[in-house]
Amino acid sequence: MPTYEKMAATGTAAALRQQFSIPLIASYIIDWILLAGLAVGSYVLGNIKPNFRNFSLADPNIAFPFADHETFSNKLLFVCCGVIPVIVVLVVTLIFVPGGTVPKGTPALLVWKRKLWELQITWLGLLMAVGSAWFFVSGLKNMCGKPRPDMLSRCKPDMANADKYIVGGFQITGANGHLYSAAICTETDESKLWDGFRSYPSGHASASAGGLIYLSLFLASKFAVTLPWIMPGSSDNASSHGAFPSRLGQAEARPQNGYEDGHDASWPLSAKRSTNEKIQGARMRAAAPPVFLLVITLVPFCLAITISASRWFNYRHHGFDILFGFLIGTICAIYSFRYYHMPIQDGAGWAWGPRSSARAFWAGVGNVGFVNARSDHVAESADMQAYPPTAVSRGGNQRSVQHPEATSQYNGQYSTEYEDVELQRLNQGDNRV
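In the UniProt record's numbering, the protein residues as written are 1 to 433.
Because the hints were derived from the structure by calculation, they are not lab data. Treat the hints loosely; a few may be bogus.
To be verified - With a Cα cut of at most 27 Å, we get these calculated DSS-like pairs of lysine-lysine:
id	residue 1	residue 2
1	Lys75	Lys49
2	Lys164	Lys75
3	Lys192	Lys49
4	Lys49	Lys164
5	Lys104	Lys115
6	Lys49	Lys156
7	Lys192	Lys164
8	Lys156	Lys192
Construct the entire structure; sequences and hints are all you get.
Next up, the structure:
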């Protein structure tokens with residue numbers, strides 16, 4: 001068996017055991033339990049008696065008819081905001097993760113480990129987005145007790161004895177300016193009546209925004225759909241903003257010895273490449289993604305808008321209730337996505353990695369974040385790769401050289417020339433120096 005295959009077989013398994021320790025696994029299990037408990041708590045809040053805000057029988061804003069058929073029922077809402085995102089995340093992760101950047105010869109165990117990590121962390125973020133939005137909205141509904149647009153249809157007020165239930169307001173000539181308590185209602189279906197006082201904010205709007213905007217962000221991340229941008233400082237050269245910066249660069253750096261870059265043939269290729277990059281136009285360093293990818297990422301967002309709008313023409317919510325509920329869901333979606341995923345613009349579609357085993361539950365003052373840089377990025381990481389000898393062409397001849405990472409086992413160090421830490425931990429699990 002070649003050396004690199006032995007290293008993959010031994011180092012990978014050892015590092016996996018080292019990184020995913022019992023405390024770390026327990027910490028993520030607790031995360032799942034807490035977020036699941038948040039969802040259960042939201043359901044409980046949605047079934048307790050809310051406050052009943054006093055109302056006027058002459059208020060046209062709460063006199064709309066009760067619609068027996070909802071465009072998006074609670075069950076359909078659950079499918080749209082919960083089931084569909086879960087399935088889409090599963091399909092996208094299995095097909096597109098970890099992508100085409102995986103080196104040849106990478107053990108299948110590492111590939112599946114990355115798939116499963118991205119899958120579970122994305123589902124965890126989805127649960128946080130929907131669960132937190134649902135929890136906040138359920139609590140606000142009960143506290144505010146705002147009547148729905150169809151509240152009077154649900155209430156069926158006792159008009160014959162209306163004077164007994166006056167709690168405020170005043171009589172205006174030709175109009176009823178009195179306020180009445182919910183005791184005037186004769187509706188015998190308790191749940192139907194209680195739900196009539198849960199208009200603010202909209203639960204459908206918050207749940208749809210939380211689940212579907214989160215899904216849109218996930219798709220945008222995996223498909224690299226974002227506004228084109230370039231790294232700060234990469235276009236500081238004045239000529240890079242010209243119409244033909246390469247010509248400007250050549251004019252400014254006309255060779256003295258016959259070479260186009262102003263240097264002789266012995267000048268390092270990397271230095272020549274650096275010069276070419278400096279005179280490259282800023283406009284050529286980024287480009288807009290294909291429109292069809294943008295359309296795919298916007299489909300969940302459009303569905304969220306449709307669900308929210310249906311609450312208006314179904315007479316279930318007032319306009320502000322829908323907008324505020326959608327805002328809550330949007331904030332929860334964005335926060336939850338960034339809680340577990342790298343920024344879309346420069347994160348290359350990845351979720352954040354796991355916490356350090358030593359900081360699975362606590363970081364403490366003096367420590368930056370929940371990753372122990374020394375142990376996780378060098379010794380404890382499970383993302384160890386094995387590489388065969390690399391063929392290098394020099395002057396038309398090919399020679400076989402050992403990959404830099406394969407030689408690091410003998411000195412316990414890795415080359416800082418390679419910035420991708422994922423590729424620098426070939427056999428740390430072997431614990432050899």
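Going down the list of hints, with the structure as the test:
1. Lys75 - Lys49: holds (22 Å)
2. Lys164 - Lys75: Cα-Cα ~40 Å, so violated.
3. Lys192 - Lys49: With Cα atoms ~11 Å apart, lysine 192 and lysine 49 stay inside 27 Å; holds.
4. Lys49 - Lys164: Roughly 23 Å between the alpha carbons, so the hint for lysine 49 and lysine 164 holds.
5. Lys104 - Lys115: Within the cut-off at roughly 17 Å; holds.
6. Lys49 - Lys156: Holds: lysine 49 and lysine 156 sit about 19 Å apart, inside 27 Å.
7. Lys192 - Lys164: holds (23 Å)
8. Lys156 - Lys192: holds (11 Å)
The structure fails to meet hint 2 from the earlier list, while all remaining hints are met.
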